[in-house]
Amino acid sequence: MFEQGIYELLGEGIVETLYMTIVSTAFAYIFGLPLGVLLCVTDKDGIFPIPIINKVLGFIINLLRSVPFLILLVFILPFTRMIVGTTIGSTATIVPLVVASTPFVARMVESSLKEVDSGVIEAAQSMGSSVFKIIYKVLIPEAKPSLLMGAAIAITTILGYSAMAGFVGGGGLGAIAVNYGYYRYQQDVMTVTVLLLVIVVQIFQEVGTRIARLSDRRAK
Amino acid sequence: MIRLRHLTKTFETSQGNLEVLKGISLDINEGEIFGIIGLSGAGKSTLIRCINFLEKPTDGEIIFDGMNMGDLSRKELLKVRQSMGMIFQSFNLLAQRTALKNILYPLEIANVPKEEAMDRARELLELVGLSDKANAYPSQLSGGQQQRVAIARALATNPKVLLCDEVTSALDPNTTSSILQLLQNINHTFGVTIVMITHEMKVIEQICTQVAVIDGGNIIETGNVKDVFLRPQSEIAKQLILPKGSEIHNMTGKRCLRLIFDGNSAFEPIISNMALECRAVVNILYANTKCIDNKAFGEMLLQLPDDDISIERILAYLDNREIYYKEEELHV
Ligand SMILES: Nc1ncnc2c1ncn2[C@@H]1O[C@H](COP(=O)(O)OP(=O)(O)OP(=O)(O)O)[C@@H](O)[C@H]1O
Ligand SMILES: [Mg+2]
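Chains R and B, in that order, give the protein sequences.
The first sequence begins at 1 in my numbering and counts up one residue at a time.
The second sequence begins at 1001 in my numbering and counts up one residue at a time.
Worth double-checking, as some hints may not be accurate.
Claimed, not checked - Short derived list, chain B residues pointing at chain R, Cβ under 10 Å: (1) M1086; (2) I1207; (3) C1256; (4) M1274.
As the list claims (entries may be wrong) - In silico SDA-like cross-links for lysine to any residue, where the CA-CA straight-line distance does not exceed 25 Å: (5) R:K133 x B:E1115; (6) R:K114 x B:P1173; (7) R:K133 x B:K1202; (8) R:K44 x B:E1116; (9) R:K114 x B:S1139; (10) B:K1133 x R:S215; (11) B:K1133 x R:R217; (12) B:K1075 x R:T42; (13) B:K1079 x R:I135; (14) B:K1022 x R:E122; (15) B:K1202 x B:R1231; (16) R:K133 x R:P34; (17) R:K114 x B:K1133; (18) B:K1160 x R:I121; (19) B:K1202 x B:T1157; (20) B:K1075 x R:R217; (21) R:K133 x B:P1173.
FYI, nobody ran anything at the bench for these hints, they're computed from the structure.
Virtual Cβ for every residue (Gly too), placed ideally from N, Cα, C.
Could you put together the complete structure from these sequences and hints?
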């Protein structure tokens, strides 16, 4: 159906998209998980209230979240060059992806942790648990299904961002869609690319939701 | 074991300061089951949460086992909490852990070696009668079973005191009884002091030795259960202790029934069943009945209540049970 080389191109696109999405999600969680925990515990009703830290952190996160992704990407180009040495290609896209999704992940983690029943936390406190032990023995395990659900949302959101980066020199399926669909008017390639993106998102979402549901020990 | 001295607690809320505890002094001795009873909002939960410093008192002292809780460092406080178990109205088990692993939790916190902890947890499951539920998750257990797991968990680190906040309020009467029974056994066998917060006087009646009545942030009456219950001094105590509607009925009815048991009806607690089913009180003026071969023989003279609807229900009940009766003149 397509001229030769398109299939390889699409295959490469998928691999690049997965690479950007997965690596970015991993980094977003490496930074976002601790930040989310910090947001949750330092809250005025949290287990270790530090209002100053909570407010400042919350403010920075809101600030970052209010900048649209494409603008953020362009805005931090110098930072990206400093870190990976270039501003084009998949690896370069990972930097803005991580910067944009870390605050998002932090908020998701925060809201998952806040769902944990305060009575259960109180019970843990009554047994002499330190703040640190409550975090890793109560908050995170109890919120696990919700955290996994959040991760499924995060990964699909990051995948969406990665496709947007195609407009400004990013790689992956997004770049293909932009190059063939937008600049060369090849509607067919465009359509296939969109289909592939939809399929990948569906798979992530479905798998994530299943794992989350299976891990939940509360009443079905 | 626990001494509270002039304990006060004020919450700062957006609507101003709220003084919830207004100077509470109490002595709870070793081995007692000490009940604290009060109406909703009296400050019971706040009081019990102050005892293990989940809530930091605004003023006053809490002396536990000779230690002033207010003087402890954070680390010492965490350690002391391991010798004070706590159980709650809503059980508060870790939903993602099995019953056994819930009991292991406090042992993990206390750094008990794995194998020893495992033995201890199994032993406790057996104590609360749930050995077969070791691998069940809380969502697979009934309320009573969850509370048993919570009790086992609270006992894991061999606490000297068990703090109970409305632990039977979410349970039906039978389960309540069996949980109270279990707590009483634990008190007897291990000598654990129990502080029991409740708004139900039957809880106090069933297991407590001492009771304090709390109202509006003050202790208004305290003493051993028998004294306080026999001679409640304060209005609130009377209100809590003498349940509504239990005042003596003055029978003013003018109608009277003679029931005749001629062996056609089974021998059953006919009057109590009738009282329950018809929600009506009758006065037994005379009775002479026998049970022969599980059948009732004899006569009974009942004074009926002074309201026609109740009488109708009673007559319908008797008809239904095929008990022969005839109405008589009342000569008293
Ligand atoms: N953290 C808090 N901040 C502000 N007010 C509080 C707080 N905790 C409790 N209160 C208030 O203190 C009062 C007493 O509450 P507490 O929970 O001790 O009552 P209680 O006797 O346990 O009632 P219940 O039987 O309903 O559980 C209530 O008016 C409540 O609104
Ligand atoms: Mg309460």
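Hint by hint, here is what the structure shows:
A least Cβ separation of about 4 Å between M1086 (chain B) and chain R falls short of the 10 Å threshold, and the interface hint therefore holds. The interface hint given for I1207 (chain B) is violated, since its Cβ lies 21 Å from the closest Cβ of chain R, which is over the 10 Å cut-off. Among the interface hints, the one on C1256 (chain B) is violated; its C-beta lies about 56 Å from the nearest C-beta in chain R, farther than the 10 Å criterion. For M1274 (chain B), the shortest C-beta to C-beta distance to chain R is roughly 42 Å, which exceeds 10 Å, and the interface hint is violated.
A C-alpha spacing of about 20 Å is found between K133 (chain R) and E1115 (chain B), which places the hinted pair at or below 25 Å, so the restraint holds. Among the hinted pairs, K114 (chain R) with P1173 (chain B) is inconsistent with the structure: their alpha-carbon atoms are about 34 Å apart, more than 25 Å. Our distance criterion of 25 Å between C-alpha atoms is broken by K133 (chain R) and K1202 (chain B), whose separation comes to about 38 Å. The straight-line distance between the Cα atoms of K44 (chain R) and E1116 (chain B) is roughly 38 Å, outside the 25 Å bound, and the hint therefore fails.
Simply put, K114 (chain R) and S1139 (chain B) have alpha-carbon atoms about 20 Å apart, close enough for the 25 Å limit, and the pair holds. For a cut-off of 25 Å, the pair hint linking K1133 (chain B) to S215 (chain R) stands: about 20 Å separates their Cα positions. A hinted pair counts as satisfied when its Cα atoms are at most 25 Å apart, and K1133 (chain B) with R217 (chain R) qualifies at roughly 15 Å. As the CA atoms of K1075 (chain B) and T42 (chain R) are separated by approximately 19 Å, the hinted pair is consistent with the 25 Å bound.
Only pairs whose Cα atoms come within 25 Å are accepted, and K1079 (chain B) paired with I135 (chain R) is accepted, the gap being roughly 18 Å. For the hint linking K1022 (chain B) to E122 (chain R), the alpha-carbon distance of about 24 Å falls within 25 Å, and the restraint holds. A hinted pair counts as satisfied when its Cα atoms are at most 25 Å apart, and K1202 (chain B) with R1231 (chain B) qualifies at roughly 16 Å. Distance hint between K133 (chain R) and P34 (chain R) is fulfilled; the C-alpha atoms sit about 14 Å from each other, no more than 25 Å.
Our distance criterion of 25 Å between C-alpha atoms is broken by K114 (chain R) and K1133 (chain B), whose separation comes to about 29 Å. For the proposed pair K1160 (chain B) and I121 (chain R), the alpha carbon gap of about 22 Å is at most 25 Å, so the pair holds. With a CA separation close to 29 Å, the supplied pair K1202 (chain B) and T1157 (chain B) exceeds the 25 Å bound. Distance check on the hinted pair: K1075 (chain B) and R217 (chain R) sit about 33 Å apart at the alpha-carbon level, beyond 25 Å; violated.
At roughly 37 Å between alpha-carbon atoms, K133 (chain R) and P1173 (chain B) are farther apart than 25 Å, so this suggested pair is violated.
Against the hints set out earlier in the document, violations occur for numbers 2, 3, 4, 6, 7, 8, 17, 19, 20, 21.
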